[in-house]
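Peer 1: If you read the sequences in order, they're chains X and Z. In short: position in the first sequence from 1, add 1469, done, that's this note's numbering. In short: position in the second sequence from 1, add 55, done, that's this note's numbering.
Please note that the accuracy of each hint is not assured.
To be verified - Computed far set for chain X versus chain Z, every beta-carbon distance over 12 Å:
#, residue
1, L1496
2, S1499
3, Q1500
Unchecked claim - A few chain X residues that face chain Z, going by a derived Cβ cut-off under 10 Å, partial list only:
#, residue
4, S1480
5, A1498
6, S1534
Simulated from the structure, these hints should not be mistaken for lab results. Glycine included, C-beta positions come from ideal geometry on N, C-alpha and C.
This is what each chain is made of:
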Amino acid sequence: MVNATKGLFISCDIPMAQFIVNMNAALPASQKFIIHVLDSTHFFVHPDVAGMIRSAISEFRDQNSYEKPT
Amino acid sequence: MPQVKIIAKNFMDMVASLPAIKLDMLYRNQFICEAILRSLPPLAKKYVLQMLYIDDPITSKSLQEWVIADGSSKHKVSIDRLIQLRVFEVIDRKKETTYKLNPTFQTSLRKHLIYGGILPREPMPPNVIARLPTSEELDAYALEQWECFLLQLISSGQAEKSSSFSSSMMRIFQRGFLRQREKEAPRLTESGFQFLLMDTSAQLWYVIREYISNSEEQGVDQADLIAFLLELSFHTTGEAYNLDTLTDYQTAMIKDLADLGLVKLQKGRKESWFIPTKLATNLSVSLADTTSRKQGFVVVETNFRMYAYSSSKLHCEILRLFSRVEYQLPNLIVAAITKESLYNAFENGITADQIVTFLQQNAHPRVAEKVPSVPENVTDQIRLWETDLHRVEMTPAHHYDEFPSRDVFEAASDFARMHSGLLWEDANKMRMVVRAEIHMLMREHLRSQNK
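Extracted from the complex, chain X is given alone in its bound form (with noise of 0.2 Å):
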């Protein structure tokens, strides 16, 4: 009998895919997002982690900006 799971389907480049892998491996066990890496640009994950995905990017990109003082 096929089997559904329900979820959420994210597809982005390999950089970005690569930083979600590494952010789901330094969460603790009950907290880990992804089931299944679909292939290196494709993932599988919890419903409920777009919010907390969208964060982290975000804030990563922040780290890289410099805003001059005025």
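Please arrange chain Z on chain X, whose structure you already have, making use of the hints.
Peer 2: The following block gives chain Z in isolation, referenced to the frame of chain X:
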């Protein structure tokens, strides 16, 4: 991100959307007929003029014979436009359709041809008028009023004069643009930002369109308002017209139009008059005819610096939307396009294309001749920064595996593809990911496969 676009509709589209009775009343006015004639596509103009003195209906077949085979698509477009504006009346007989010119339209246009267009008012004699403003003064006045209005619209604290628009009017205009939260200063919405970056004629259209749609509440008939605006567009820019020649509702409207910068009101010793500006006379011109381009003022350099030769506060506000203003001199604004300022703009709902179009349309005449007017590295980088915000795509979906056989897997994947719900599949391991919206259908399909 959902795109809310403000479409500044053509005046003629608005006229076309009026109900038939109002349109008939409008067509009694000769100037409206002439304005509509001017706005038609060239082939439609030809048809109207040819049918002007023909009283019997003409079959659509004979109308088709007036065009060579190449022009059949243009023919169709013109006929559709004429029917939409109710200039052509369609009479469907059993065998074929025939067209006839709208009789009210026909009589008005014939009268117009014979008697020439005489405005209901004439320019006032020069001995009564103290001093007419020159065309530059008039243009400066119109620009100043319009900018003041826009600044007030976005509620920045920079407006010096407050216009006389009633607060309910301002609220209607602001409805699409400002979002007010309690205890916070009202913030501009996405559509508000996009509105600011449009060019002046498109902005004017939007405001006038809102004004006309809301005129019913003010007790002014929409058709009368459109009639007056179209009449105004036939006046000569820079000539004074006596205020006494206006009817009551027109006098009420003139004050609002003066605040928008369409006319200038002046008072003499005994009489007062109004002078239409370029904004008013360009009203009946369709949006596509942007021949009166105002001068651009922005120079963008390859080091991401922007120099805007303008002293207008509105321009400063617009530039602040997406760049970091460094210095403000009496006639120059120096700004820099930075990643942070662009991220700010993207968060507010402005797209990279809008920013690039704005810069290209307002390029200073010195750089406007160069191709490209904005350096490619700047435009490319703006677009790259935009895509940087959307690196990861997330879609709610369902994952299917453990298919009993390859046939079931193939059937399921074809089913999902037909409903455009297939996001990913792996044929070797027989796994697939399908959109969440299709999940119910997939379940039904798999159940029916099992039986």
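Peer 1: All hints, please: hold or fail.
Peer 2: Checked hints:
1. The beta carbon of X/L1496 sits about 17 Å from the closest Cβ of chain Z, which is more than 12 Å, so the claim that it is off the interface holds.
2. Residue placement check: X/S1499 keeps its beta carbon more than 12 Å from all beta carbons of chain Z (closest about 21 Å).
3. Non-interface call for X/Q1500 relative to chain Z: holds, since the shortest CB-CB distance, roughly 18 Å, exceeds 12 Å.
4. With its C-beta approaching chain Z no nearer than about 5 Å, X/S1480 sits inside the 10 Å limit, and its interface hint holds.
5. Nearest Cβ of chain Z to the Cβ of X/A1498: about 21 Å, over the 10 Å cut. The hint is violated.
6. Restraint check, X/S1534 versus chain Z: the minimum CB separation of about 6 Å is within 10 Å; hint holds.
When the structure is compared with the earlier hints, a violation turns up for hint 5 alone.
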